[in-house]
Every structure is written in structure tokens, then in C-alpha cells.
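Sequences and hints are given; from them, build the entire structure.
Top line first, the protein sequences correspond to chains D and L.
Using UniProt numbering, the first residue of the first sequence is number 1, and each one after it goes up by one.
Using UniProt numbering, the first residue of the second sequence is number 1, and each one after it goes up by one.
Do not rely on the hints blindly, as some may be mistaken.
[Unchecked claim] In silico DSSO-like links for lysine-lysine, alpha-carbon gap of 30 Å or less:
hint, chain 1, residue 1, chain 2, residue 2
1, D, K31, L, K75
2, D, K3, L, K19
3, L, K152, D, K10
4, D, K86, D, K31
5, D, K44, L, K75
6, L, K73, D, K44
7, D, K45, L, K75
8, D, K188, D, K87
9, L, K130, D, K11
10, D, K3, L, K155
11, D, K188, D, K31
12, D, K179, L, K47
13, L, K75, D, K188
14, D, K179, D, K85
15, L, K47, D, K112
No wet-lab data here; the hints were simulated from the structure.
Each chain, written out:
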Amino acid sequence: MEKSIENIWKKGFEAEEKLSAPVVSNLYERKSALLIEQIKRATKKDNLSLIPVGVVIFGILVFMGKLLLGFYVAALITVLYFLNKKKLKELDTLDVRNSTYDYLLNYRTQVKSIMRYSTWLMGVGFPLVTIPAYWMFFRGSKLMTGFKQLPLSEEILIFSGVAALLSVLGVLAYRISTKIIYGSLLAKLESTIEDMEELMKN
Amino acid sequence: MSKDFYTQFILPYAGIIIKICRAYTDTEEDFQDYYQEVCLQIWNSRKNFQEKSKWSTWVYRISLNVCMSLLRKRKKKQVYSSDHIEVQNIPDAENSFQDESLQLLYRAIRQLSELDRAIILLYLEEKSYKEIAEIIGTTPNNIGVRITRIKKQIKKILDGKIY
Chain D
1 MEKSIENIWK KGFEAEEKLS APVVSNLYER KSALLIEQIK RATKKDNLSL
51 IPVGVVIFGI LVFMGKLLLG FYVAALITVL YFLNKKKLKE LDTLDVRNST
101 YDYLLNYRTQ VKSIMRYSTW LMGVGFPLVT IPAYWMFFRG SKLMTGFKQL
151 PLSEEILIFS GVAALLSVLG VLAYRISTKI IYGSLLAKLE STIEDMEELM
201 KN
Chain L
1 MSKDFYTQFI LPYAGIIIKI CRAYTDTEED FQDYYQEVCL QIWNSRKNFQ
51 EKSKWSTWVY RISLNVCMSL LRKRKKKQVY SSDHIEVQNI PDAENSFQDE
101 SLQLLYRAIR QLSELDRAII LLYLEEKSYK EIAEIIGTTP NNIGVRITRI
151 KKQIKKILDG KIY
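As C-alpha cells, this is what we get:
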């Protein structure tokens, strides 16, 4: 006679020894490794995306007849790409022999330091290198002629205003893009560290 | 996760967690991964537990949700990787159980859809239609209809292999 599935289930598990629970160990190790891998992939992709952006901007500027400006912007983006690459390489130098918790803490510190550096770059470096680009873009135009006829104090005022505006825009753009690209990953990193800290308390 | 929490709140339900994880995995390695992930999610979601339902219901719900979502992710990955490289044959979880009939029943359950697996597991664990409906998020009537259909499907898969 054919057995019912209910019977097979009941009888089968009555004699089953393999229902002993597996050992729960290194719970966070694999999760952390996966998370770090995801962050690494995202940073690499983010930095690589600068290359097509640079090529497109260069193409547009050349098409507009602003060859010098095109080269200038392309050079800036290339420098930024290599600076980022160098910074990201520093993340790989963290000692993997540390415990998972220590590794994550060091990783978080390093990521925060890169973010501080990038904020500084966007807030100070970006306006400084962009102003010459504006000069190249508007060179010979009516706007530039008008600007040059202004008294020096007004020129300085406008120059400072534009620089401050660019600084705010740069920092804002960096923060928004970081939130979009890395927001959920960094939140995961924080919550994993918090979980591990709670685990250590118990 | 504290040892106390594991001993007090997870270990008493380890049996059902194992049964659920086995139904969603093909290899011992996957089984271990799923089990750990379920434990981790139970720990992570402990603060969201409201005593409206029993703790066991909460454990069932989390175990099933985690297993279904891991399986879905795995399937997606396989579809993606099959576009690029040849997909490896997934070995069946041979010898996961000593009882041969149980082994065959599990093999049949693994051929069901994600949701049907969840329903039949809860049914075999003698949960009432009302409780299954509460865990799955549907009506007891719907569960009744589905169980009849699933049982027929399992019988068809087994097709006289178990006597």
C-alpha cells in the first residue's frame, strides 16, 4: 500500500538523527566579506565612470571649438581618476589578519577619511580648478570683456562669489551622489558593526 | 547573536528551521548557509517581534521568508550566469536524511514552487489552515485548496516510488 506523505514525514523524522542543529559560527565573517566586496565593486565602478564622462565632455568641448578647454577638463578628470584610484588602493592595505570586527572598524575609518578628503577636494579643489575653465570658456566673449572693465574690488567680489557657489555646489553634488551610490552599503556597514558590538556585550 | 538568545529562542525551533532550510537547498553547503542566515535574521528582527502572534509563528515566517528570498536570488544568479558560462549541475542533497522515503519526499518538495514548498512544510508540521494562512498572508480557504493541489502534485512526482 502506498504511504501517505503525512506518514512519511512523521515516521521519517521520528528516527531522524540529522535534525541536530548545525553549529552557528563566524556568522558575520561571510556577511562582512560580502559587504566589503560590494563596497569595493561600487567604488571601482564609480571611479571608472569618470573615464566615459571625461571622454564625452572632451568631445562636446572639441565640437564647440574649445579645444584647450577640452584638454584641460580631460586632464583634470584623468588626474581625479588616478587620485581616487590611489586612495582606493589604500583600502586594500588594511590588515586582513585582524578580527572581522577590527577589520570593519578600520575599513569604516578609512572610508570616512576618503570621504573627508573627497569633500575637501570638491569644496576647495573643485572651485580652484574650475575658475580657470570658466576663464577659458568665456575668453573673448562680451561677458569677459564686461568683467574686465569692472573695478578690481568688484572683480574680486564676483570671483569670490563664484568660487563660494562652486564650492557649495561641489560639496552638495558629492554628498548627494555618495548617498545615492553608497548610502545603503554604508548603512549596512554601520549596522553590521553595531550588531557585532551588541554581540560582544552579551 | 548572544548564546543565550540562540539557546532560548532559536534552538527549540532548530528542528523546523532545519526542515525548512532542507526544502530550499540542494547541497549541504547551501543548507549550512541558509541555516546561518535564518538564525541571523531571527536575531536581527527580534526587536520587531510584537507579541500579537506566537514566537514560533514569527520563527516560521522569518525562516520561510529568508529561504524563499535566498532561493530567488540564487535562481536570478543562475539565469544571469547561464548567459555567460555553462551552469554547473547542481547536486541533489543526497543522504540529507537516513529514511529513504523521506529523502524521496524532500526531493519531490524541492520540485515545487517556493510558496508551495512553504505551505506543504507548514501543513506537514501540523499547523492549522488558519495558522498557515497567517504565516503566508492569505485566507484559510485558499490554503485548503492549495494543499489539496500540492498533495496531488507530490503524488504525481512520486508516482508509486514510495510504498
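Against the structure, the hints come out as follows:
Of the pairs offered as hints, the one joining D:K31 and L:K75 holds, with about 20 Å between alpha carbons and a cut-off of 30 Å not exceeded. About 20 Å separates the Cα atoms of D:K3 and L:K19, which keeps this hinted pair within 30 Å; it holds. Using a Cα cut-off of 30 Å, the hinted pair L:K152 and D:K10 holds, with the two alpha carbons roughly 19 Å apart. At roughly 26 Å between alpha-carbon atoms, D:K86 and D:K31 fall within 30 Å of each other, so this suggested pair holds.
At most 30 Å may separate the alpha-carbon atoms for a hinted pair to count; D:K44 and L:K75 meet this at roughly 26 Å. Taking the CA atoms of L:K73 and D:K44, the gap is about 23 Å. The hint holds against a cut of 30 Å. Between the alpha carbons of D:K45 and L:K75 the distance comes to roughly 25 Å, so the proposed pair stays at or under 30 Å and holds. At roughly 22 Å between alpha-carbon atoms, D:K188 and D:K87 fall within 30 Å of each other, so this suggested pair holds.
Under the criterion of a C-alpha separation no larger than 30 Å, the hint pairing L:K130 with D:K11 is consistent with the structure, at around 25 Å. For a cut-off of 30 Å, the pair hint linking D:K3 to L:K155 stands: about 10 Å separates their Cα positions. Between D:K188 and D:K31 the alpha-carbon distance is near 10 Å, which keeps this suggested pair within the 30 Å criterion. Pair hint D:K179 plus L:K47 holds up; C-alpha atoms about 27 Å apart against a cutoff of 30 Å.
Between L:K75 and D:K188, the direct Cα distance comes to roughly 24 Å. Compliance with the 30 Å bound is thereby established for this hinted pair. Taking the CA atoms of D:K179 and D:K85, the gap is about 20 Å. The hint holds against a cut of 30 Å. Note on L:K47 and D:K112: the hinted pairing holds, with a Cα-Cα distance of about 29 Å set against a maximum of 30 Å.
Checked against the numbered hints above, the structure breaks none of them.
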